[in-house]
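Could you build the full structure based on these sequences and the hints that come with them?
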Amino acid sequence: MGSILLTINNINKKNIMRVQIILLIAILLQSCVTQKSLSNKNDIIEVEQFKGQQVTGESALASASVASELGVADGLKTTPLSPTINTARLLDKNPALKAFFMAPIKEEEKITGKHIAIITTDGVEEIELTGFLKYLKARGAIVDIVSPKYSPWAEKYAIQYPVSRTEYIQTVRFMENAGKVKIDRFIDEVKAVDYDAVVIPGGAWNPDALRIDKNVLAFVREMDKAKKPIASICHGPWVLINAEIVEGRKLTAAWSIHIDLKNAGAIVEDKPMVVDGNLITSRYPTDLPDLLTEFLRQLK
Numbered sequence: 001m002g003s004i005l006l007t008i009n010n011i012n013k014k015n016i017m018r019v020q021i022i023l024l025i026a027i028l029l030q031s032c033v034t035q036k037s038l039s040n041k042n043d044i045i046e047v048e049q050f051k052g053q054q055v056t057g058e059s060a061l062a063s064a065s066v067a068s069e070l071g072v073a074d075g076l077k078t079t080p081l082s083p084t085i086n087t088a089r090l091l092d093k094n095p096a097l098k099a100f101f102m103a104p105i106k107e108e109e110k111i112t113g114k115h116i117a118i119i120t121t122d123g124v125e126e127i128e129l130t131g132f133l134k135y136l137k138a139r140g141a142i143v144d145i146v147s148p149k150y151s152p153w154a155e156k157y158a159i160q161y162p163v164s165r166t167e168y169i170q171t172v173r174f175m176e177n178a179g180k181v182k183i184d185r186f187i188d189e190v191k192a193v194d195y196d197a198v199v200i201p202g203g204a205w206n207p208d209a210l211r212i213d214k215n216v217l218a219f220v221r222e223m224d225k226a227k228k229p230i231a232s233i234c235h236g237p238w239v240l241i242n243a244e245i246v247e248g249r250k251l252t253a254a255w256s257i258h259i260d261l262k263n264a265g266a267i268v269e270d271k272p273m274v275v276d277g278n279l280i281t282s283r284y285p286t287d288l289p290d291l292l293t294e295f296l297r298q299l300k
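FYI, in full-length UniProt numbering the residues of the sequence shown are 1 to 300.
The set of hints was computed from the structure by calculation and includes no laboratory data. Note that CB positions come from ideal geometry on N, CA and C, so glycine has one too. Don't take every hint at face value.
So the derived label-pair ranges between C-beta atoms look like this [as the list claims (entries may be wrong)]: (1) K156 with K93: 43 to 53 Å; (2) D184 with I159: 23 to 33 Å; (3) V193 with L81: 25 to 35 Å; (4) R221 with P95: 33 to 43 Å.
Written out as structure tokens, the structure is:
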């Protein structure tokens, strides 16, 4: 479960023993949750164990539900080792978000056979990726994780990637590494004509890398030219800027890049979800219900 840092002031030995017992129980519970999720064939995130690397088999939403019910995080008043998005807390503090993902699927929501590409790479915000995967697959869509192929940096930059990058990308929770996700197709192998819609999730590193990939930009332009739904959230609209499809159009995004959209000629609206024709954009994971609802409507 990783290290848990506790500040304990002026407590006696009996209380120390109680804290140690709670920590042990928390570790055992986390172990049980992980083992259960790894054996679940319906997990959103496909998993492979890599020597010396942290890998998780839990979907962000499933693990959040379990963690929330156990109350482990809040009960122990944990301090994260890295800046992170606590998914369990995010759902607890935003009941509408939790209710949206836990709601039963209605027959009229089915989009069986619709083919959707999620364009993403390392550094994608986990819940923005898994949220789309869970929601769309549950309604019958065929969803491909589409990513640029691994391309080594020049030696002088000293940037290293794990061997797994040839098949998997690394997700994050804000600045903390989360799980690895299996790549289904590479961007240089796909064509816009093969897909009904495209999703560009956020995180900061993910779209920052995608926005300079010529194949990604060409794909996005072709999807827009065909007026197919394009959903993007958080920093994802950076890719739309580089694809040169935002000028004169209404969009939103993570607050920190509103200025980038304005500089590119977009009309920025600070709303949970903004629609301009086939462009559907949102700001933050709490906006996912609005974004997904409109995306589904356009797919219908």
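Now the hints, each set against the structure:
In this structure, K156 and K93 meet the distance hint of 43 to 53 Å, their C-beta atoms being roughly 45 Å apart. With their beta carbons about 25 Å apart, D184 and I159 fall inside the hinted range of 23 to 33 Å. V193 and L81 have their C-beta atoms about 45 Å apart, which leaves the hinted 25 to 35 Å range violated. Checking the proposed 33 to 43 Å range against R221 and P95 shows it holds: the Cβ atoms sit about 39 Å from each other.
Hint 3 alone, counting from the list given before, is not met by this structure.
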